[in-house]
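The chain contents come next:
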Amino acid sequence: MVNRLSGSPLFKRLASSAAVSKSTRNAVLATVATGGLAAWYVNLYGNPIKAVTLAEHGLHPGEYPWSHKGWLDTFDHQSLRRGFQVYREVCAACHSLNLVAWRTLVGVTHTSDEVRAMAEEAEYDNEPNDEGEIEKRPGKLSDYIPAPYANEQAARAANSGALPPDLSLIVKARHGACDYIFSLLTGYPDDPPAGATVASGLNYNPYFPGGGIAMGRVLFDGLVEYEDGTPATTSQMAKDVTTFLNWAAEPEHDVRKKTGLKVLIITGSLWALSLWVKRFKWTPVKTRRIVYKPPKL
Amino acid sequence: MAISSVIYNTIFRRNSIFVGTVLAGAFAFEIAFDSTVDKYWDARNIGKQWKDIKYKYVEKDEE
Chain A
-6 MVNRLSGSPL FKRLASSAAV SKSTRNAVLA TVATGGLAAW YVNLYGNPIK
44 AVTLAEHGLH PGEYPWSHKG WLDTFDHQSL RRGFQVYREV CAACHSLNLV
94 AWRTLVGVTH TSDEVRAMAE EAEYDNEPND EGEIEKRPGK LSDYIPAPYA
144 NEQAARAANS GALPPDLSLI VKARHGACDY IFSLLTGYPD DPPAGATVAS
194 GLNYNPYFPG GGIAMGRVLF DGLVEYEDGT PATTSQMAKD VTTFLNWAAE
244 PEHDVRKKTG LKVLIITGSL WALSLWVKRF KWTPVKTRRI VYKPPKL
Chain B
79 MAISSVIYNT IFRRNSIFVG TVLAGAFAFE IAFDSTVDKY WDARNIGKQW
129 KDIKYKYVEK DEE
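Here the protein sequences line up with chains A and B, keeping their order.
Numbering of the first sequence is given in the numbering used here, commencing with residue -6 and proceeding in unit increments.
Numbering of the second sequence is given in the numbering used here, commencing with residue 79 and proceeding in unit increments.
Keep in mind the hints are simulated off the structure, nothing from the lab.
Even glycine gets a Cβ: it sits at the ideal position worked out from N, Cα and C.
Any given hint could turn out to be false.
Here are the simulated lysine-lysine pairs, DSS-like style, with alpha carbons at most 27 angstroms apart [said to hold, decoys possible]:
#1 A:250 / B:129
#2 B:117 / A:251
#3 A:165 / B:126
#4 B:129 / A:133
#5 A:62 / A:255
#6 A:133 / B:132
#7 B:126 / A:62
#8 A:255 / B:134
#9 A:165 / A:62
#10 A:165 / A:271
#11 A:255 / B:126
#12 B:132 / A:251
#13 A:271 / A:62
#14 B:117 / B:129
#15 A:251 / B:129
#16 A:274 / A:165
#17 A:250 / B:126
#18 A:255 / B:129
#19 B:134 / B:117
#20 A:250 / A:62
#21 A:165 / A:255
#22 A:62 / B:134
#23 A:279 / A:255
#24 A:43 / A:133
#25 A:250 / B:117
#26 B:126 / A:129
#27 B:132 / B:117
Partner residues aside, some chain A positions facing chain B, computed with beta carbon under 7 angstroms [unchecked claim]:
#28 62
#29 67
#30 69
#31 70
#32 71
#33 100
#34 104
#35 251
#36 256
#37 257
Listed next, with one range per pair, are the computed distances between beta-carbon atoms [unchecked claim]:
#38 B:86 / A:276: 42 to 48 angstroms
#39 A:263 / B:81: 24 to 30 angstroms
#40 A:64 / B:95: 55 to 61 angstroms
With these hints in hand, go ahead and build the complete structure from the sequences.
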């Protein structure tokens, strides 16, 4: 090896300081060292061993054609309205929606009168009265949607230790977003597949990491009755409530996309204009020809 | 009188009129641009936005 190396032309050139400059030799050595270190690093960290099976990662959800999926598509507000109904009649038994105030529904899913009526059905703490006692008052538009449990401990106690997560930002907080929520809600098999072990008190759902989820299947055909006559199938309810939860997580969605369209049109036009101005200004420079006329001797 | 001198004499000659034209033009452009984009937007998303389904629920309240 040493003989072969020392016999190679590169080594000979490197060895004789007369034939190759010091800086060239340093550059070659630095390149070899860098390449070697990089190869060593990739070998060490490039392919980590995963101690998690695919089942423990959870099944990846399929891609669904959401009505608000495209760059220029708003939410389907009729679907949002149905989704809120599903949340209110089904999910709200266990899941809070702490970041959504009643007022935000006005002009999105309901009229202000409808939202006022719903808010008044809930009770909220009033200001202290003259004796310093807190009395209850009916809700107002500015109140937030009431949570089913007073605090986390109460929620865990009522659900055998499992905490139903707050749904305000759940679509943003989960990989796969809408696709995941929809798959989870509709993905409960009648029986767990052969070989799957589910701890007691848990339900099998392949989309949930680990497969065992404390929440059981809640959506069944005909569970709610939609006021607009839409058949309340399991997948229809899951689609509506997922769309609604996406609105809860991104209430700015519709305005954001419309503003984005306007911004792209304006900046795109200005970009094209700037290209034209640049070419216009540079034309005389780019097309000129410099001719050398040698002086006559 | 050539068109360029007409423009020069009516707009560019006095700085106050020039600045005023710029401001007025900005207003006019924004109104026209926004209404055009909004019209396209509403046509593209027809039936999906709240204003498209509002009538169903507002009328119900008046009964």
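Between residue 250 (chain A) and residue 129 (chain B), does the CA-CA distance stay at or below 27 angstroms?
-> holds (17 angstroms)
For the pair supplied as a hint, residue 250 (chain A) and residue 62 (chain A), is the alpha-carbon distance within the 27 angstroms limit?
-> holds (11 angstroms)
Does the hinted range 42 to 48 angstroms hold for residue 86 (chain B) and residue 276 (chain A) at CB?
-> violated (24 angstroms)
Satisfaction of hint between residue 126 (chain B) and residue 250 (chain A), Cα-Cα up to 27 angstroms = holds (14 angstroms)
Agreement of residue 62 (chain A) and residue 255 (chain A) with the hint, judged by alpha carbon distance not exceeding 27 angstroms | With a Cα-Cα distance of about 18 angstroms, the restraint between residue 62 (chain A) and residue 255 (chain A) holds, given a limit of 27 angstroms.
Verify the proposed pairing of residue 117 (chain B) with residue 251 (chain A), using a straight-line Cα cut of 27 angstroms.
-> Satisfied, since the Cα-Cα distance of roughly 11 angstroms is no more than 27 angstroms.
Does residue 255 (chain A) pair with residue 129 (chain B) here, judged by a C-alpha cut-off of 27 angstroms?
-> With Cα atoms ~21 angstroms apart, residue 255 (chain A) and residue 129 (chain B) stay inside 27 angstroms; holds.
For the pair we were handed, residue 117 (chain B) and residue 129 (chain B), check the Cα-Cα distance against 27 angstroms.
-> holds (13 angstroms)
When you check the alpha-carbon spacing of residue 251 (chain A) and residue 129 (chain B), does it fall within 27 angstroms?
-> holds (15 angstroms)
Given the hinted pair residue 274 (chain A) and residue 165 (chain A), is their alpha-carbon gap at most 27 angstroms?
-> This hinted pair is violated, its Cα atoms lying about 48 angstroms apart.
Measure nothing beyond the straight line between the CA atoms of residue 126 (chain B) and residue 62 (chain A); if it is 27 angstroms or shorter, mark the hint as holding.
-> holds (13 angstroms)
Does the Cβ pair residue 263 (chain A), residue 81 (chain B) satisfy 24 to 30 angstroms?
-> At roughly 26 angstroms between Cβ atoms, residue 81 (chain B) and residue 263 (chain A) fall inside 24 to 30 angstroms, so the hint holds.
Going down the numbered hints, you'll see the structure goes against 8, 10, 13, 16, 23, 24, 26, 28, 36, 37, 38 and 40, while the others check out.
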